[in-house]
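There are 2 protein chains.
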Amino acid sequence: MKKILKTNKIDHIAIVVPDLRLALKHYESIFGLKASEVIISTSQKVKISYLNFSNIQLEIIQPLDSDSPINKFLIKNPSGGLHHIGLEVDDINESYKVSEGLNLNPIEKPINGHHGKPLFFLNPKKMMNLLFEILSKK
Amino acid sequence: MKKILKTNKIDHIAIVVPDLRLALKHYESIFGLKASEVIISTSQKVKISYLNFSNIQLEIIQPLDSDSPINKFLIKNPSGGLHHIGLEVDDINESYKVSEGLNLNPIEKPINGHHGKPLFFLNPKKMMNLLFEILSKK
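Chains as they are written, first to last, in my numbering: chain Z, 49 to 186; chain E, 49 to 186.
In case anyone wonders, no lab produced these hints; they're calculated from the structure. None of the values given here were measured: they were computed from a predicted structure. Certain hints may be false.
Copies of one chain are not kept apart here, so a pair can be met inside one copy or by any two copies together.
Simulated crosslink set (DSBU-like; lysine-lysine; CA at most 30 Å straight-line) [said to hold, decoys possible]:
id	residue 1	residue 2
1	K73	K145
2	K173	K73
3	K82	K173
4	K165	K145
5	K120	K145
6	K93	K51
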């Protein structure tokens with residue numbers, strides 16, 4: 049039987065902005081939502097906050113500095129933009145194997161995100177030019 | 049009291065692809081999902097299909113021809129990419145007024161989408177460079 053990459057849900061939509069505080073203030077006031085505390089990840093070199101809509105969260109990312117891997121995106125899109133889609137899975141190691149089997153060229157082996165949950169990314173070239181994060185439920 | 053743009057949920061994440069059939073075949077086989085029938089909208093000059101994840105749908109769009117407003121995006125991103133976020137609201141006319149009041153420069157007055165539901169878009173320049181569709185629940 050052919051394997052599939054079984055997902056629970058789309059966990060988040062990630063966007064990149066040049067100024068996190070400004071973006072949060074703007075979206076909070078427009079949508080009447082309260083953003084999460086800002087998380088600073090020195091390992092991933094990003095600042096992150098979440099806006100929780102009823103069914104999904106918007107992950108808002110600002111690179112910490114010019115060395116951040118996310119900074120490349122900001123150089124290409126100085127005003128920011130949509131960055132990736134995060135899919136939640138039950139078993140990250142199984143999902144990694146399935147992704148390899150499906151020839152989706154995972155960019156690297158699962159690493160722990162700022163929230164402690166393991167995650168990996170699929171090669172966008174294998175996914176119709178979309179960047180997908182595969183994120184463990186726990 | 050300051051008005052907010054009250055949303056029910058994020059209705060969809062929209063992506064643009066150069067070849068809808070190819071994209072559907074690819075995503076269906078990877079995620080084990082069945083895409084909706086392909087809808088051809090001659091007024092909007094697009095072909096659309098949906099992939100339903102448990103909490104949100106992925107709207108997959110291909111321009112019908114080079115006159116399609118979506119074609120500009122494809123010229124800039126020949127392999128496709130993330131295009132917009134669709135927010136569901138209860139009252140589209142009230143949302144339109146609120147958007148004007150919040151200085152979000154709605155691009156045009158609500159028009160009926162291919163599904164018959166009225167919708168409008170906010171000016172990305174007023175939304176941190178993100179394109180938001182505001183879509184009526186009914």
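Taking the hints in turn, this is what the structure says about them:
1. Within a single copy, K73 and K145 get their C-alpha atoms only as close as 41 Å, which misses the 30 Å cut-off; across copies the closest is 21 Å, which meets it.
2. In the homo-oligomer, the alpha carbons of K173 and K73 lie at most 30 Å apart only across protomers (16 Å), although the nearest pairing inside one protomer, at 34 Å, exceeds that limit.
3. Taking the shortest alpha-carbon separations for K82 and K173, only the inter-copy value of 22 Å comes in at or below 30 Å, while the best intra-copy value is 35 Å.
4. Proximity of K165 and K145 under a CA criterion of 30 Å is satisfied intra-copy only: 17 Å inside one chain copy versus 42 Å between copies.
5. Proximity of K120 to K145 under the C-alpha cut-off of 30 Å is restricted to the intra-copy arrangement: shortest distance 28 Å within a copy versus 37 Å between copies.
6. Taking CA atoms no more than 30 Å apart as the test, K93 paired with K51 passes in neither setting, with 34 Å inside one copy and 36 Å between copies.
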